[in-house]
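S.K.: Sequence:
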Amino acid sequence: MDNSIKTLREIADLLALNTANTINLNPVAERIAGGLGFRRSFVLLYRAPAEQLAAAASSGFVSAEFRKLETGAEAGIFAELFERSAGAETIEISHRPSFHFLDREGGNAQLVLVPIKSGKKKIGLLVVQTNGNAVSSSSAEFLELAAALIGQALRVETAVLGERERLREENLHLKQELKEKYDFSHIVGNSNAIRIVYDQVTQVARSNATVLLRGESGTGKEMIANAIHYNSLRSRRPFIKLNCAALPDTLIESELFGHERGAFTGADRLKRGRFELAEGGTLFLDEIGDLPLQTQIKLLRVLQEREFERLGGTETVKTNIRLITATNKNLEEAIQTGAFREDLYYRLNVFSIHLPPLRNRKSDVLLLAEHFLEKYENEHGKRIRRISTPAIDMLMSYHFPGNVRELENAIERAVLACDSNVIHGHHLPPTLQTAEVSGTVTSMSLSGAVHAFERDLIQDALKSTRGNIAKAAKMLDSTERILGYKIKKFGIVPARFRQ
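Letter by letter, the sequence shown follows residues 1 to 499 of our numbering.
Hints in this document: simulated from the structure, not taken from any laboratory.
Treat each hint with caution, since some may be false.
[Claimed, not checked] In silico lysine to aspartate or glutamate, EDC-like type, Cα no more than 20 Å apart, as pairs:
{"#": "1", "residue 1": "K271", "residue 2": "E287"}
{"#": "2", "residue 1": "K241", "residue 2": "D268"}
{"#": "3", "residue 1": "K318", "residue 2": "E307"}
{"#": "4", "residue 1": "K329", "residue 2": "E287"}
{"#": "5", "residue 1": "K120", "residue 2": "E83"}
{"#": "6", "residue 1": "K271", "residue 2": "E216"}
{"#": "7", "residue 1": "K120", "residue 2": "E65"}
{"#": "8", "residue 1": "K122", "residue 2": "E83"}
{"#": "9", "residue 1": "K298", "residue 2": "D249"}
{"#": "10", "residue 1": "K463", "residue 2": "E406"}
{"#": "11", "residue 1": "K68", "residue 2": "D103"}
{"#": "12", "residue 1": "K117", "residue 2": "E170"}
In this text the structure is predicted, and so the values were computed from the model without any measurement.
Sequences are here, hints too, so could you generate the full structure?
M.R.: Right, dumping it as structure tokens:
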């Protein structure tokens with residue numbers, strides 16, 4: 001019995017140490033045969049796609065015999081025994097002609113078959129061939145325990161492989177979602193300025209050229225960087241981002257190049273930098289104009305030599321990345337003042353893309369507003385049909401110093417504030433409604449505010465009815481005479497809404 005326990009421990013260790021994608025059961029079969037002196041042992045597993053048993057491992061077989069075992073298993077010679085198996089079962093080989101190939105020496109050899117289960121489901125058979133001696137109860141118990149260990153290991157393997165496949169499919173799905181999200185067709189706008197950007201992104205995306213994105217804050221530089229990466233040859237590789245202005249000078253080098261253990265106080269382990277994390281993919285450095293001069297020197301060397309050392313280390317690390325940088329600063333002025341290295345500038349300025357401010361893209365404001373309206377009504381669970389004419393006029397007359405980001409925030413706020421299915425001017429942020437910012441409003445009394453609100457409602461009704469005064473009056477629960485009076489009072493031209 002002590003030998004059985006030792007063998008079971010060895011089997012458990014073999015199954016636990018198996019780190020391959022699929023478990024190798026041959027060493028387990030060898031231990032089972034050798035542990036209690038069986039002549040042979042083999043494992044048959046049920047393959048669902050083929051709906052038959054297949055030989056998965058063996059011990060004590062020569063090649064020709066194992067081929068016969070495989071052929072016999074495929075032919076179904078063990079199918080009946082598998083179906084009826086409930087515990088250890090002994091059969092005489094001599095009583096079954098289809099098993100005679102297993103008894104090459106002749107005699108009264110026996111097979112002992114034990115079902116392998118995953119939970120309550122039978123998934124295979126553990127089979128041993130005796131030397132002709134009857135199998136003791138302790139040996140049968142040993143085989144049942146060995147089969148249980150195999151079943152548990154196969155159950156874990158199935159779970160791990162299933163989870164790995166699920167993660168692989170999820171990863172592919174997310175990558176496809178990102179690629180679709182940042183597809184060129186999703187760049188919103190049809191102005192000449194944005195069409196130039198679109199053409200430049202299309203030209204450079206499939207290359208490995210270094211790209212410098214320039215433009216004011218909020219113009220969409222990070223979105224363009226995403227579009228370049230996910231439409232490039234490196235789209236399946238990592239896309240790593242770092243904002244150079246968000247970290248103090250003392251940490252920026254460690255973030256870019258990594259550090260060795262003990263490189264500085266608190267560095268208790270090796271850390272890989274962004275260049276290593278982006279290996280084979282794309283590294284996006286935002287606000288490159290804020291990079292410290294000392295770090296600029298090291299970055300220049302990486303771009304020239306394609307290698308670097310971690311902070312506090314001596315080992316040279318090779319790097320293969322595509323670099324995209326962005327800035328809202330005037331780098332030419334920074335070079336003149338000594339705040340930016342001229343040689344690094346020429347390394348970064350291989351392919352420059354200038355993103356225009358929103359004030360130069362007036363024809364895109366409404367398109368962007370509709371895009372953000374659809375995005376945030378879905379996100380916040382609201383149903384908003386449109387933006388009112390006065391609200392559109394306010395958007396079109398505003399100069400948006402915060403560019404696309406400010407417009408997006410304004411639309412999200414309007415969606416949250418809207419209590420109907422139409423966004424009106426009073427739903428927009430105060431910055432779009434004050435004289436100091438928009439230049440569209442002077443001082444307004446209570447009566448003036450009421451008149452402005454009335455004018456807003458009337459214009460909205462006329463827009464909905466395509467300038468039909470009778471229908472607009474009915475919509476506003478008023479009379480055609482009263483509405484006509486107010487239209488004349490406010491100087492509204494119904495014909496404008498018939499186009």
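S.K.: Indicate, hint by hint, whether the structure satisfies it.
M.R.: Hints and how they fare:
A C-alpha spacing of about 23 Å is found between K271 and E287, which places the hinted pair above 20 Å, so the restraint is violated. The hinted pair formed by K241 and D268 fails the criterion: a straight-line CA distance of about 24 Å is larger than 20 Å. About 4 Å separates the Cα atoms of K318 and E307, which keeps this hinted pair within 20 Å; it holds. Restraint check for K329 and E287: satisfied, since their Cα atoms lie roughly 8 Å apart, inside the 20 Å limit.
Only pairs whose Cα atoms come within 20 Å are accepted, and K120 paired with E83 is accepted, the gap being roughly 14 Å. Between the alpha carbons of K271 and E216 the distance comes to roughly 33 Å, so the proposed pair goes past 20 Å and is violated. For the suggested pair K120 and E65, the alpha carbons sit about 32 Å apart, so the restraint of at most 20 Å is broken. Simply put, K122 and E83 have alpha-carbon atoms about 9 Å apart, close enough for the 20 Å limit, and the pair holds.
A C-alpha spacing of about 13 Å is found between K298 and D249, which places the hinted pair at or below 20 Å, so the restraint holds. Restraint check for K463 and E406: not satisfied, since their Cα atoms lie roughly 27 Å apart, outside the 20 Å limit. This hinted pair checks out: K68 and D103 have alpha carbons roughly 12 Å apart, not beyond 20 Å. About 30 Å separates the Cα atoms of K117 and E170, which puts this hinted pair outside 20 Å; it is violated.
Of the numbered hints stated above, those contradicted by the structure are hints 1, 2, 6, 7, 10, 12, listed in ascending order.
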